Amino acid sequence: MLPINDTTVMTEGGAVDTLALWQRISELEARVAQLESSPAQDTEDRLAMVVFSGDLDKAIAAFIIATGAVAMGLEVSMFFTFWGLSIVRKKQHKVYAGKNLLEKGFTAALPGDSLGMGISQMNFFGAGSKVIRKLMRDHEVTSLEEMMSLAQEFGVRLVACDMSRELLGIREEELMDGMEAGGVATFIGDANRAKITLFV
Amino acid sequence: MLPINDTTVMTEGGAVDTLALWQRISELEARVAQLESSPAQDTEDRLAMVVFSGDLDKAIAAFIIATGAVAMGLEVSMFFTFWGLSIVRKKQHKVYAGKNLLEKGFTAALPGDSLGMGISQMNFFGAGSKVIRKLMRDHEVTSLEEMMSLAQEFGVRLVACDMSRELLGIREEELMDGMEAGGVATFIGDANRAKITLFV
Amino acid sequence: MLPINDTTVMTEGGAVDTLALWQRISELEARVAQLESSPAQDTEDRLAMVVFSGDLDKAIAAFIIATGAVAMGLEVSMFFTFWGLSIVRKKQHKVYAGKNLLEKGFTAALPGDSLGMGISQMNFFGAGSKVIRKLMRDHEVTSLEEMMSLAQEFGVRLVACDMSRELLGIREEELMDGMEAGGVATFIGDANRAKITLFV
Chain G
1 MLPINDTTVM TEGGAVDTLA LWQRISELEA RVAQLESSPA QDTEDRLAMV VFSGDLDKAI
61 AAFIIATGAV AMGLEVSMFF TFWGLSIVRK KQHKVYAGKN LLEKGFTAAL PGDSLGMGIS
121 QMNFFGAGSK VIRKLMRDHE VTSLEEMMSL AQEFGVRLVA CDMSRELLGI REEELMDGME
181 AGGVATFIGD ANRAKITLFV
Chain B
201 MLPINDTTVM TEGGAVDTLA LWQRISELEA RVAQLESSPA QDTEDRLAMV VFSGDLDKAI
261 AAFIIATGAV AMGLEVSMFF TFWGLSIVRK KQHKVYAGKN LLEKGFTAAL PGDSLGMGIS
321 QMNFFGAGSK VIRKLMRDHE VTSLEEMMSL AQEFGVRLVA CDMSRELLGI REEELMDGME
381 AGGVATFIGD ANRAKITLFV
Chain E
401 MLPINDTTVM TEGGAVDTLA LWQRISELEA RVAQLESSPA QDTEDRLAMV VFSGDLDKAI
461 AAFIIATGAV AMGLEVSMFF TFWGLSIVRK KQHKVYAGKN LLEKGFTAAL PGDSLGMGIS
521 QMNFFGAGSK VIRKLMRDHE VTSLEEMMSL AQEFGVRLVA CDMSRELLGI REEELMDGME
581 AGGVATFIGD ANRAKITLFV
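Residue numbers (our numbering), protein chains in the order written: chain G, 1 to 200; chain B, 201 to 400; chain E, 401 to 600.
These are computed hints drawn from the structure, not numbers from a lab. Please read all numbers here as calculations on a predicted model, not as lab measurements. Careful: at least some of the hints might be erroneous.
Claimed, not checked - The calculated DSSO-like cross-link candidates involving lysine-lysine, where the alpha carbons are at most 27 Å apart (straight line), are: (1) K334(B) with K504(E); (2) K330(B) with K494(E); (3) K334(B) with K304(B); (4) K90(G) with K130(G); (5) K130(G) with K304(B); (6) K94(G) with K534(E); (7) K134(G) with K294(B); (8) K94(G) with K104(G); (9) K330(B) with K530(E); (10) K491(E) with K534(E); (11) K304(B) with K291(B); (12) K504(E) with K494(E); (13) K130(G) with K294(B); (14) K504(E) with K491(E); (15) K94(G) with K530(E); (16) K499(E) with K334(B); (17) K334(B) with K494(E); (18) K94(G) with K134(G); (19) K130(G) with K299(B); (20) K534(E) with K490(E); (21) K304(B) with K134(G); (22) K99(G) with K530(E); (23) K290(B) with K304(B); (24) K290(B) with K330(B); (25) K104(G) with K534(E).
Unchecked claim - Residues from chain E shown here face chain B by an in silico Cβ test under 7 Å; the list is partial: (26) T418; (27) L428; (28) L567.
Cβ coordinates follow ideal geometry from the N, Cα and C atoms, glycine included.
Using the sequences and the accompanying hints, generate a full structural model.
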């Protein structure tokens with residue numbers, strides 16, 4: 001009578017074999033436990049990005065991607081390292097006091113803030129950046145600095161790499177407010193649960 | 201008699217406790233539903249790439265990776281933005297008419313097509329590109345333009361970033377046939393289900 | 401008596417309906433099988449990185465990320481291609497014999513090893529690299545070459561791209577010991593099961 005053709009669950013009399021059911025459930029529990037503990041389960045709707053470059057055009061691309069991802073419901077973490085630290089410096093806030101010669105040299109040579117950054121191609125000694133910024137205004141595209149404010153407002157995690165900050169002689173107080181200090185472990189931790197990982 | 205040592209499924213009389221089975225099944229259903237709705241389940245064998253650079257060598261690397269991924273059964277999406285748009289311009293098809301001064305400037309300064317692109321290191325005013333292209337012919341490596349045709353044939357999704365196209369004053373008709381127009385949301389949408397994400 | 405309110409498992413008499421249990425188990429088995437065969441299940445705690453750039457600063461960033469990831473328990477694969485091959489050349493081991501003119505030219509123009517590499521910004525004809533290396537010593541940061549040894553010791557998979565090695569006229573014997581030869585398929589294979597993928 002029963003529409004069962006899987007013989008493992010039938011006793012000879014035709015009734016459902018509850019012992020077989022018990023065995024199948026035990027197997028299922030083991031398989032589900034394995035799935036639950038698989039690395040895939042740590043994955044989140046998250047984007048983790050290393051921002052290594054200090055070029056204005058790449059910084060713009062990075063923040064367009066970051067704010068776009070937030071708008072689509074992803075968590076976003078940005079790790080600023082090496083030249084990328086120029087992007088997140090306070091405006092007009094270079095500090096020379098108490099730095100050694102090399103650090104002072106870097107402080108002088110590096111852009112003081114995002115407004116001083118060049119572009120990766122066709123920079124022409126800074127003219128290229130001015131053109132890009134003008135084009136963005138003309139086309140009513142949100143400026144880099146506005147996108148950075150938006151990112152902070154939207155809860156993007158902004159982390160400054162401690163080691164490269166110290167290497168380049170940049171003080172924590174020279175960075176924008178709201179920055180978090182971190183190291184490579186902070187990046188790997190977020191990246192290993194992120195669906196999108198990028199090096200810019 | 202029964203080889204069951206899990207007491208939760210045994211009644212006092214030694215028979216399988218079907219109520220306990222029912223409870224374990226209900227728990228399993230909840231756990232499986234949670235696994236099915238986890239972010240990991242959106243993941244596909246897919247590669248999503250931002251092509252930001254307009255350097256010949258990086259474009260070659262991007263298309264070697266893209267066509268290699270397709271050959272291995274992955275879906276591939278490429279998002280051309282900023283200087284990367286130079287790669288996907290129609291050959292010898294610069295348009296000046298109806299553009300303002302800045303747009304005309306960019307049209308003149310940017311490579312007209314992939315054949316005019318330089319390389320990221322050792323370019324020596326274009327000699328480097330010629331060397332790379334000659335070396336590829338000598339070693340019978342598929343040229344960039346052939347790889348691009350292959351990519352289109354193989355169903356690679358080629359998306360041109362609307363915003364940067366407009367910023368740089370490039371018209372849609374200046375791009376290769378078969379390009380799709382899109383924005384950052386197009387990239388995030390594909391990247392958030394891709395196993396491989398790259399920024400080139 | 402039984403605290404069951406799911407009618408599908410109750411017979412009219414109030415006992416657990418084992419046929420219904422059997423059906424729910426069969427459904428669960430199908431759903432679990434689907435989860436087990438989903439692309440997400442290939443995902444590992446793994447980082448796969450293309451190292452395209454031959455800049456010292458990017459190489460340092462790449463190896464900081466790679467050794468950091470290993471320290472956190474991830475498997476790591478690094479694919480050296482194009483200019484990135486300079487990083488993994490044996491120290492002071494340029495080979496000219498048996499190369500054609502173009503290959504000899506590349507051999508002369510490319511850095512002979514990681515010690516000869518410049519940096520991506522503020523290189524000032526090599527002074528920038530020296531400054532970075534001095535700063536790293538001053539701050540007791542592990543040097544690039546030490547990080548490379550550590551990476552090998554920790555079991556990082558180091559793959560040299562065959563095709564670009566041949567294009568640039570670099571012989572296998574010019575590369576560090578312990579390098580693996582591979583192609584784009586080697587990268588895609590590892591990247592498609594890696595949680596973190598980067599293009600440096």
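Cross-check of the supplied hints:
Proposed proximity of K334(B) and K504(E) is supported: the alpha carbons are some 15 Å apart, at most 27 Å. Distance restraint check for K330(B) and K494(E): the Cα-Cα separation of roughly 24 Å lies within the 27 Å cut-off, and the hinted pair is therefore satisfied. For the given pair, K334(B) sits about 32 Å from K304(B) by alpha-carbon distance, which is inconsistent with the 27 Å threshold. A hinted pair counts as satisfied when its Cα atoms are at most 27 Å apart, and K90(G) with K130(G) qualifies at roughly 20 Å.
Taking the CA atoms of K130(G) and K304(B), the gap is near 16 Å; set against the 27 Å cutoff, the hint holds. Of the supplied pair hints, the one linking K94(G) and K534(E) holds, its CA atoms being roughly 22 Å apart against a limit of 27 Å. Annotation: proposed proximity of K134(G) to K294(B) holds, straight-line Cα distance about 22 Å (limit 27 Å). Between the alpha carbons of K94(G) and K104(G) the distance comes to roughly 10 Å, so the proposed pair stays at or under 27 Å and holds.
At most 27 Å may separate the alpha-carbon atoms for a hinted pair to count; K330(B) and K530(E) exceed this at roughly 31 Å. Annotation: proposed proximity of K491(E) to K534(E) holds, straight-line Cα distance about 19 Å (limit 27 Å). A hinted pair counts as satisfied when its Cα atoms are at most 27 Å apart, and K304(B) with K291(B) qualifies at roughly 18 Å. With a CA separation close to 10 Å, the supplied pair K504(E) and K494(E) stays within the 27 Å bound.
At roughly 24 Å between alpha-carbon atoms, K130(G) and K294(B) fall within 27 Å of each other, so this suggested pair holds. Our distance criterion of 27 Å between C-alpha atoms is met by K504(E) and K491(E), whose separation comes to about 18 Å. Straight-line distance between C-alpha atoms of K94(G) and K530(E) comes to about 24 Å, which keeps the hinted pair within the 27 Å bound. A hinted pair counts as satisfied when its Cα atoms are at most 27 Å apart, and K499(E) with K334(B) qualifies at roughly 16 Å.
Of the pairs offered as hints, the one joining K334(B) and K494(E) holds, with about 22 Å between alpha carbons and a cut-off of 27 Å not exceeded. With a C-alpha separation of about 25 Å, the suggested pair K94(G) and K134(G) falls inside the 27 Å cut-off, and the hint holds. For the hint linking K130(G) to K299(B), the alpha-carbon distance of about 19 Å falls within 27 Å, and the restraint holds. Between K534(E) and K490(E), the direct Cα distance comes to roughly 22 Å. Compliance with the 27 Å bound is thereby established for this hinted pair.
Between K304(B) and K134(G), the direct Cα distance comes to roughly 15 Å. Compliance with the 27 Å bound is thereby established for this hinted pair. Under the criterion of a C-alpha separation no larger than 27 Å, the hint pairing K99(G) with K530(E) is consistent with the structure, at around 19 Å. For a cut-off of 27 Å, the pair hint linking K290(B) to K304(B) stands: about 17 Å separates their Cα positions. Between K290(B) and K330(B) the alpha-carbon distance is near 20 Å, which keeps this suggested pair within the 27 Å criterion.
Pair hint K104(G) plus K534(E) holds up; C-alpha atoms about 15 Å apart against a cutoff of 27 Å. Here the hint on T418(E) is kept, as its CB sits about 6 Å from the closest CB of chain B, short of 7 Å. Checking L428(E) against chain B by beta carbon gives a least distance of about 6 Å; that is within 7 Å, so the hint holds. Given the 7 Å rule on beta carbons, the hint for L567(E) holds: about 5 Å separates it from the nearest Cβ of chain B.
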